[in-house]
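> Sequence:
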Amino acid sequence: MQRKSVAAVVVAYNRRELLTETLTALLAQERVPDRIVVVDNGSTDGTSELVSERFPAVELTTLPRNTGGAGGFAVGVERALLAGQGADWVWLMDDDTVPGPGALGALLDAADRLAEPELLASRVVWTDGRDHPMNMPRVRPFADAADRGDAERVGAYPVRSASFVSTLVRASAVRRAGLPIADYFLWNDDFEFTTRLLRHGRGYLVRGSTVTHKTKVFGGTDADPGPRFYLEVRNKVWLLGRGRSLGPLERLLYVGSTLRRWARTIARSRRRRVLADGLVRGLRDGLARGPRHNADVLADLPAPLVVGQRALGGRP
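Final position of the sequence shown in full-length UniProt numbering is 316; the numbers increase by one with none missing.
Note that these hints are calculated values from the structure, not bench results.
Bear in mind that the values here come from a model prediction, so they are computed numbers and not experimental data.
Don't be surprised by glycine CBs; every beta carbon is placed ideally from N, CA and C.
Misleading hints may appear alongside valid ones.
[Unchecked claim] Pairwise CB distance ranges, derived in the manner of DEER restraints:
| no. | residue 1 | residue 2 | range |
| --- | --- | --- | --- |
| 1 | 32 | 283 | 37 to 47 Å |
| 2 | 28 | 284 | 40 to 50 Å |
| 3 | 86 | 200 | 14 to 24 Å |
| 4 | 113 | 292 | 34 to 44 Å |
| 5 | 259 | 131 | 24 to 34 Å |
| 6 | 296 | 152 | 38 to 48 Å |
| 7 | 218 | 273 | 24 to 34 Å |
[Said to hold, decoys possible] Okay, derived cross-link-like pairs now, DMTMM-like style, lysine to aspartate or glutamate, Cα gap no bigger than 25 Å in a straight line:
| no. | residue 1 | residue 2 |
| --- | --- | --- |
| 8 | 4 | 34 |
| 9 | 4 | 128 |
| 10 | 214 | 59 |
| 11 | 214 | 53 |
Kindly generate the complete structure, drawing on both the sequences and the hints.
Here is the structure:
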């Protein structure tokens with residue numbers, strides 16, 4: 001079987017020590033990625049200098065400003081796919097992700113044994129080995145028995161979404177569905193992107209592929225977000241009201257679950273006034289307009305860093 005090329009894409013922002021762990025773990029993989037692309041998202045802590053000095057084989061893109069995780073992954077994925085040696089698979093992760101030695105190999109093995117998956121995600125644990133609630137993918141509803149059985153035989157299960165913490169995506173799926181939407185900046189960008197890829201395709205979580213997500217605290221996305229609640233609300237309004245990643249029934253189900261989670265988050269918060277302000281502004285801005293095209297959001301970046309989403313097909 002012909003070897004498939006893999007480009008790992010890491011988005012970094014002011015966490016050079018954690019990034020060092022990530023890159024060291026990538027280079028120590030039993031199946032090392034063919035390329036490693038790092039997007040320095042406007043860091044001010046010497047991240048780019050660290051990568052240049054200690055990891056000279058890494059393809060480094062240094063952005064002049066912080067474009068958020070969404071913008072960083074849009075740039076990184078585009079670079080991985082549009083280079084002369086465009087990858088067959090793109091492995092996405094944040095700079096606080098530390099993959100175990102066999103993480104990539106297990107994903108690729110599952111890709112070979114399953115029927116044309118578009119996406120494969122790792123099991124994500126916290127520093128103490130517990131499954132990280134922040135990165136639990138949504139199980140694919142209504143997966144047929146044959147698909148569940150095939151997945152179980154390779155130690156996997158069907159999913160409808162994944163996070164940007166060790167997710168392997170098929171290049172052809174990205175070319176068909178488009179890049180991450182940069183205007184999301186933070187929050188829900190990975191959910192929108194992966195559900196868009198999987199709207200008409202199959203994705204799986206592979207239990208044998210494990211990574212550690214070294215967040216400061218253990219918890220889910222309904223922890224008190226403070227001012228960032230604005231982004232949660234605005235982006236969810238975009239996703240549920242204007243996006244093309246969910247079907248009609250899915251939209252209804254997610255509207256209900258989202259409203260319940262928002263109510264729970266506000267009720268538990270010690271900064272209810274801050275969250276209430278974010279709720280009002282997020283609803284207002286999310287309803288007023290949809291996300292802008294990547295080429296417009298990232299227009300100030302120097303060429304050829306960003307060619308624009310049109311180059312890969314698809315748009316928000």
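> Taking the hints in turn, state whether each one holds.
Hints, verified against the model:
Range check, residue 32 to residue 283: about 46 Å between beta-carbon atoms, so the 37 to 47 Å window is met. Judged by the Cβ atoms, the range 40 to 50 Å given for residue 28 and residue 284 holds: they are separated by roughly 48 Å. In this structure the hint that residue 86 and residue 200 lie 14 to 24 Å apart at CB holds, the actual value being about 22 Å. At about 40 Å, the CB distance of residue 113 to residue 292 agrees with the hint of 34 to 44 Å.
The hinted window of 24 to 34 Å between residue 259 and residue 131 holds, with their beta carbons roughly 26 Å apart. Judged by the Cβ atoms, the range 38 to 48 Å given for residue 296 and residue 152 holds: they are separated by roughly 44 Å. Between residue 218 and residue 273 the beta carbon distance is about 27 Å. The supplied range of 24 to 34 Å therefore holds. Annotation: proposed proximity of residue 4 to residue 34 holds, straight-line Cα distance about 9 Å (limit 25 Å).
For the proposed pair residue 4 and residue 128, the alpha carbon gap of about 33 Å is over 25 Å, so the pair is violated. Note on residue 214 and residue 59: the hinted pairing holds, with a Cα-Cα distance of about 23 Å set against a maximum of 25 Å. Straight-line distance between C-alpha atoms of residue 214 and residue 53 comes to about 24 Å, which keeps the hinted pair within the 25 Å bound.
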